[in-house]
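Number of protein chains: 4
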Amino acid sequence: MGVGDNDAVANQGFTPTQLSARAAYLLRGNDLGTMTSAAPKLYPHMWSWDAAFVTVGLAPLSVERAVIEMDTLLSAQWSNGMIPHIVFANGRDGYFPGPARWECRSLAAAAPQHVDTSGITQPPVHAIAVQRILDHSRRRGRTTRQVANEFLDRRWGNLVRWHRWLADARDPQGRGRVTIFHGWESGMDNSPRWDSAYANVVPGSDLPPYHRADLDHVSDASMRPSDLEYDRYLWLVEQMKRAHYDDALLPGVLDFAVEDVFVSAIFAMACDVLATIGEDYSKPRADVRDLRAWSDRFRSGVVAATSERTNTARDFDLRAGRWINTETIAGFAPLLCGGLSRERERALLRAFEGPRFCGHPDLRYAVPPSNSPIAANFKPREYWRGPVWPVMTWLFSWAFARRGWPERAARLREEGLRQVREGSFAEYYEPFTGEPLGSMQQSWTAASVLDWLD
Amino acid sequence: MGVGDNDAVANQGFTPTQLSARAAYLLRGNDLGTMTSAAPKLYPHMWSWDAAFVTVGLAPLSVERAVIEMDTLLSAQWSNGMIPHIVFANGRDGYFPGPARWECRSLAAAAPQHVDTSGITQPPVHAIAVQRILDHSRRRGRTTRQVANEFLDRRWGNLVRWHRWLADARDPQGRGRVTIFHGWESGMDNSPRWDSAYANVVPGSDLPPYHRADLDHVSDASMRPSDLEYDRYLWLVEQMKRAHYDDALLPGVLDFAVEDVFVSAIFAMACDVLATIGEDYSKPRADVRDLRAWSDRFRSGVVAATSERTNTARDFDLRAGRWINTETIAGFAPLLCGGLSRERERALLRAFEGPRFCGHPDLRYAVPPSNSPIAANFKPREYWRGPVWPVMTWLFSWAFARRGWPERAARLREEGLRQVREGSFAEYYEPFTGEPLGSMQQSWTAASVLDWLD
Amino acid sequence: MGVGDNDAVANQGFTPTQLSARAAYLLRGNDLGTMTSAAPKLYPHMWSWDAAFVTVGLAPLSVERAVIEMDTLLSAQWSNGMIPHIVFANGRDGYFPGPARWECRSLAAAAPQHVDTSGITQPPVHAIAVQRILDHSRRRGRTTRQVANEFLDRRWGNLVRWHRWLADARDPQGRGRVTIFHGWESGMDNSPRWDSAYANVVPGSDLPPYHRADLDHVSDASMRPSDLEYDRYLWLVEQMKRAHYDDALLPGVLDFAVEDVFVSAIFAMACDVLATIGEDYSKPRADVRDLRAWSDRFRSGVVAATSERTNTARDFDLRAGRWINTETIAGFAPLLCGGLSRERERALLRAFEGPRFCGHPDLRYAVPPSNSPIAANFKPREYWRGPVWPVMTWLFSWAFARRGWPERAARLREEGLRQVREGSFAEYYEPFTGEPLGSMQQSWTAASVLDWLD
Amino acid sequence: MGVGDNDAVANQGFTPTQLSARAAYLLRGNDLGTMTSAAPKLYPHMWSWDAAFVTVGLAPLSVERAVIEMDTLLSAQWSNGMIPHIVFANGRDGYFPGPARWECRSLAAAAPQHVDTSGITQPPVHAIAVQRILDHSRRRGRTTRQVANEFLDRRWGNLVRWHRWLADARDPQGRGRVTIFHGWESGMDNSPRWDSAYANVVPGSDLPPYHRADLDHVSDASMRPSDLEYDRYLWLVEQMKRAHYDDALLPGVLDFAVEDVFVSAIFAMACDVLATIGEDYSKPRADVRDLRAWSDRFRSGVVAATSERTNTARDFDLRAGRWINTETIAGFAPLLCGGLSRERERALLRAFEGPRFCGHPDLRYAVPPSNSPIAANFKPREYWRGPVWPVMTWLFSWAFARRGWPERAARLREEGLRQVREGSFAEYYEPFTGEPLGSMQQSWTAASVLDWLD
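Chains as they are written, first to last, in the numbering used here: chain U, 15 to 468; chain A, 15 to 468; chain B, 15 to 468; chain V, 15 to 468.
In short, the hints are calculated from the structure, not lab data.
The reader is advised that the hints may include incorrect statements.
No copy is singled out in the list; a pair is fine if it fits within one copy or between any two copies.
Claimed, not checked - Restricting the straight-line Cα-Cα distance to at most 20 Å, the calculated cross-link-like pairs of lysine to any residue (SDA-like) are:
{"#": "1", "residue 1": "K55", "residue 2": "I291"}
{"#": "2", "residue 1": "K297", "residue 2": "R360"}
{"#": "3", "residue 1": "K297", "residue 2": "R356"}
{"#": "4", "residue 1": "K297", "residue 2": "E359"}
{"#": "5", "residue 1": "K55", "residue 2": "D45"}
{"#": "6", "residue 1": "K297", "residue 2": "R364"}
{"#": "7", "residue 1": "K297", "residue 2": "R358"}
{"#": "8", "residue 1": "K297", "residue 2": "Q127"}
{"#": "9", "residue 1": "K55", "residue 2": "D230"}
{"#": "10", "residue 1": "K255", "residue 2": "D301"}
{"#": "11", "residue 1": "K393", "residue 2": "R360"}
{"#": "12", "residue 1": "K55", "residue 2": "E359"}
{"#": "13", "residue 1": "K255", "residue 2": "F28"}
{"#": "14", "residue 1": "K297", "residue 2": "N163"}
{"#": "15", "residue 1": "K393", "residue 2": "R238"}
The structure displayed is predicted, hence computed values, not measured ones.
Produce the complete structure using the sequences and hints provided.
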């Protein structure tokens, strides 16, 4: 029926205006009112770092709505300062482990009573979201600026407490690296980074039985973790519950304790972002001073974790007492927070852009896969073991722009946009074929696109 | 706090990608599931021509969702063929007159039983929406094309019946003009076009009492119709109810009966659009033939209604038996459907673009106001008595493109986009100052923007 | 050396701003001062229809410069009204046949004395150029508008004389089709359309010897006409010279005389464009009336040339007294000027968009090739025997927009832009591979892109 | 004649594609073959820093042509390493002082013999140009990359010699600041920065007579320097000539000797850029080391020149032995090269964005004027005493992006583009009204726009 009536011609991708419209349409479609579900079916609740990235995407659409997203998340902050990795949407079922499994309200003294949350945390990217709220508010009228300013006034304390908790509870010895007690706390749930540490997690015979809900919505189980992995995940939850999610007890109880160098780099960066906001908006000097100090401490911790040979950063397994050598996207943590010498940083950039990562000749788009395509444990379709996560591309492009590398930032943005221009906002993508995988309406992917196209 | 922290610098308007994102965000925000409310507070239900324009905006976002919008509307079609002007959303209150006032289910034999509707109709722009669904589907993959094709197969009969009802029930004498029995049927509720005809509507003393809900959400009552006007509106409804909404009875009963030249022009155009679709998709030749015949008949009817002096088209008051001389946007009806001689058409274009309309020197944007700025009854803030309606700008730009006037279409598009680039998607705008008026989140305004930016 | 340092990543094409910048850069680079060479090496002079298309591209850059381009061309108009197909740039050598071969100054009574021209003509697309000058001038300030208006006043007579010459000298019997006496007059020099007519051209033994300059700049001779073809080309020139380029004598002398249906359709369209300009700018009514009459006459002539079976238009060989049946882009002439019945036009559009033309499954872009890919004489790399000419795509997109087919126009524009987005502005392109061919810096290709991106 | 036929509607500015096309068109129009004149009439030759900025604009259009621009400039480098501030185009007259006044060929041992140049220098922004050549080449095909790489190989020595000359000849005592011996060497010819230093320049009675050519093309003399100023300018040239332009003699001879803190900051930045290029392209480690050392030295020199109170940087008058206190754009030099403490840098950014500069409430666009609008010596139309220079906006936006401030860079870019979107590419603009001033076709303004729109 005329030109274009065949798939070949039709599939030329969307224009920038179409793409941003579709991303906004998706984001509002995932809106539950005061929170945005990470993805409508697979992830019907609010995840901590998803919420932060979603806020980045909401800010250009509605500063007011973006503020609500952060408010919802911060309202669920624990009294010890922890932002939990999940805030459960009222009346939404279908995710496991859900509130009944975590039992935080009854077990954890620090957990809020008015809302259900999980008992672990996720990477601290929230300062970025706050900055984007403020950035956008400055382009709007007086009323909107006031909404943003009041938000900052209202939540500054929450944000500082959150960072303080990470610095204190998760790095009690001041080594400059955030300890995580569950792979999920890294955000990269089944990354090869955690394989060796998980190997030491032996699920007790008294692990309560469970049914996995994640498989109900995913047709290809090979993209998701195995059952044994899942047992280990839940065993760690079980250990936490038995310790009543008590910060003081966890280090002595958990089978899994790893210093996560990627979370640490994000934290160093976020402390700087928050400190600058504090300066811009005349927050207490003592807070700013603490934030700068944490930033320095964790930057040093990241640098100290780098390999002399490859310059990539490594996680440290506290249980095994050794560095973890994998070749994942997390190795480029120092590019986010800085701190390497000029020469080493250049070498690391070359590695990032070289044939073991973004420059691998078979990649469809020059964006960083979650695992090196030449790693032995690389799996192109398996969650954090190989696929490309657009939100990670966004994070690097955002960080690179702030590191003073506009061309690198622009190139990641261009390639990231090329990856989604056929219209899906998938959770992750097969790196060689470009096939969209996981959820097809992932909020943070749409949010990344909205920020890129802003 | 840095460059831009003042309203002057901040208010430079949004970029195209930002604008399309915000329009899509709005449209999804007004989504009630299977219908899109015309505006979230003021108009919480589905209006017939709003739904068609909304569909135009949904099509680039999701052909599937656009199809649902039309399906919802067409599911409420009356058995006589009429598409009612309102389909009430279940459980949404706050609009008057609501189902309890119309009482169509109980009074009208042709009204559907499964859904509440009003008992009058609105301009037949639906063929445009169907065309946009098909246009967009051809740019998508096979699955989406199939959704669109099946929609057309499923609804072709509804569409032809709708057009046949207009041709038969509303122009029984074949004069080539659609008769409306209520100003609301024109879509331009309080236009000066209806003043004289309404003057002959004398509300009976037995008009049941009522409370106007429209004023609950509008702070400035001067933008809305007066109480006396409202009494007349409701008296006509009362007359229809007493005639059981019977097509055969209405012409003999109603105090108000006007041949609407703008609706007639839209109908002529829509018949052509639908006929071409019919040809493209191999629909019954008899249907196509009927559509072309109606198109010709109503085009002639519009031309016959034009003033020899001004070349503008006039409505005809059947009760008073005379042409109505006003100077509103509706006068340009022949530009939509064609039919004038070359010379007269050129003169009418000059009038459209000249100082009495788009070219008035005080207009903020060169778009057609609903009433001529130099008309005695011009009111710059009063609904259809002066303000600019972006959806009308869109309609003319769309029609002009099809008339073979790409530069004129582009110019209207550019000016229309300039008008909304400060971020509101208002129902209508003050023509001189550009102040947004009425609902600030009007679905069809967002839809117009989405189509323009596609 | 970082992301992008490989051809695969690098070759993603240019953005719209880059593309328009490069097109403008090219156009100015080909600027010889008061004329733009068609291409810097291969075609160092001004061609008549090239100049018109170039003017379309100059208008958005500088209305003033666009006016100069047309002034230069029109200054070389012959006193009989003919616009010659070449205006030779002073002091530029290297093109054959050059002034010394044509000898117009000394042989032709109607030729200008102050400038060298060829002795034949080319398709009358100039009214389009004039319209674009006027369109753009209306968006500029008063001074620029005045430049354009004065240009029109100054050149209106030239333009009408040019059209009158075509109507009179080239259609003396009023058949509604323009007769050409040389394939070059069609602009499609070696099209299969002329094969049979050329077969009857027998170069005399007294054809003066010559050296072909076109081969000096083209590495692949297969893309250019053969030597025998060239002998015929020059023999016709010889015949014209012997008749002193006398309009009255040519019909009786030339071995080649064909009614060109594509030129005729362009002429019908151009007459309408010029007539509308005449009306808009209050030119003499008699001129406008003549232009409309010619438009009608040639539209009818084109329609009369269409095949009942295929609806495509055919050229008529006056020497052989028969219709020429080929399957080239020229067959779609009626789509440019209109005139077919609705049904036949729809069928012709289907053919245009179908598998024998734009919809051929192996085409890289959905744009019309100069010859049907399934024609026996199709040659994908040979000038007008197969390749895609972007300027033809532009002409159809421009005409379709004026025919009232905005979606079709937009689609041709999109595909046309995709074809050039890798950065070359080639004269023509291989239809299947997209390989750029001929001159790589063709002015009219850049001009087409500039108009599309405007 | 239709919508838009009035200045009000017409003047809405150009779209991005139109703007980039016009910029490219201008740049090619100013192309003299192997050099681009700074502006076609007023500045018909090649200026050193103009050439560098022009190269930035040429790079996206043609890496090959951009290379030629730099080659032309570097071919005129003096044997001591100096890049002269003017390279005279052969056969172009009309600029004073011209070669006959400078007499470099005959007087200066280091001057080249094959080309005429001036005898002074200009700010060292050339490394930026080289980087942009390399950036763009990496997005192109193999051939283009090779052109760029060979250029770098061929010219690396020139570039390092140029920087070495600045470090040695112009900062012999290693104070970390570049000494200039003529206000013209700053590029900001008549800036208030030089008023006090010029006051000490007493033109000798033996100053040879002259005729100012700059006034021939400027209608409003108030925008250009006065005659007395001009006498001083030429007296300094006279002094240099009498010293045979000998680097060793100038410090002892010239009445004018100022450490230019803005040039020094540019130099610090350029050394870093060049060093990074050296690392990326494996240039001699010794060169890279030297470049980094110079960068550090001059960064320190700039910081040492900052006022404790205002944090702005000051020039130092070597003749008077004192800091020069003015409030011009040059005070923000530390923002280009960095080096201030976090706290002081933030204060300086606030000043830059505050009401004394970009944030002044009466500015039409939020871009830095050449002089503070609240300075006593501020003149809104007088060259470097007030107007906005788009190329300076570009320089700051470029530097800010590299400093890791993407939002600030984007905002300058947006405002800078708004300033030119009405179509002129003026040399400078009145800050309050936006009136374009000086040359209307300034190459570097077009180049800035091209880079912004890339």
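Taking the hints in turn, this is what the structure says about them:
1. K55 - I291: neither (36 Å within a copy, 37 Å between copies)
2. K297 - R360: between (36 Å within a copy, 15 Å between copies)
3. K297 - R356: between (33 Å within a copy, 16 Å between copies)
4. K297 - E359: between (33 Å within a copy, 18 Å between copies)
5. K55 - D45: both (12 Å within a copy, 19 Å between copies)
6. K297 - R364: between (39 Å within a copy, 17 Å between copies)
7. K297 - R358: This pair counts as between: shortest inter-copy Cα distance 17 Å, intra-copy 35 Å.
8. K297 - Q127: Answer is neither: 29 Å inside a copy and 62 Å across each miss the 20 Å cutoff.
9. K55 - D230: within (10 Å within a copy, 38 Å between copies)
10. K255 - D301: neither (32 Å within a copy, 61 Å between copies)
11. K393 - R360: neither (28 Å within a copy, 46 Å between copies)
12. K55 - E359: So K55 and E359 fail the 20 Å test inside a copy (41 Å) and across (48 Å) alike.
13. K255 - F28: neither (48 Å within a copy, 50 Å between copies)
14. K297 - N163: Cα proximity of K297 and N163: one copy only (12 Å, versus 50 Å across).
15. K393 - R238: within (11 Å within a copy, 52 Å between copies)
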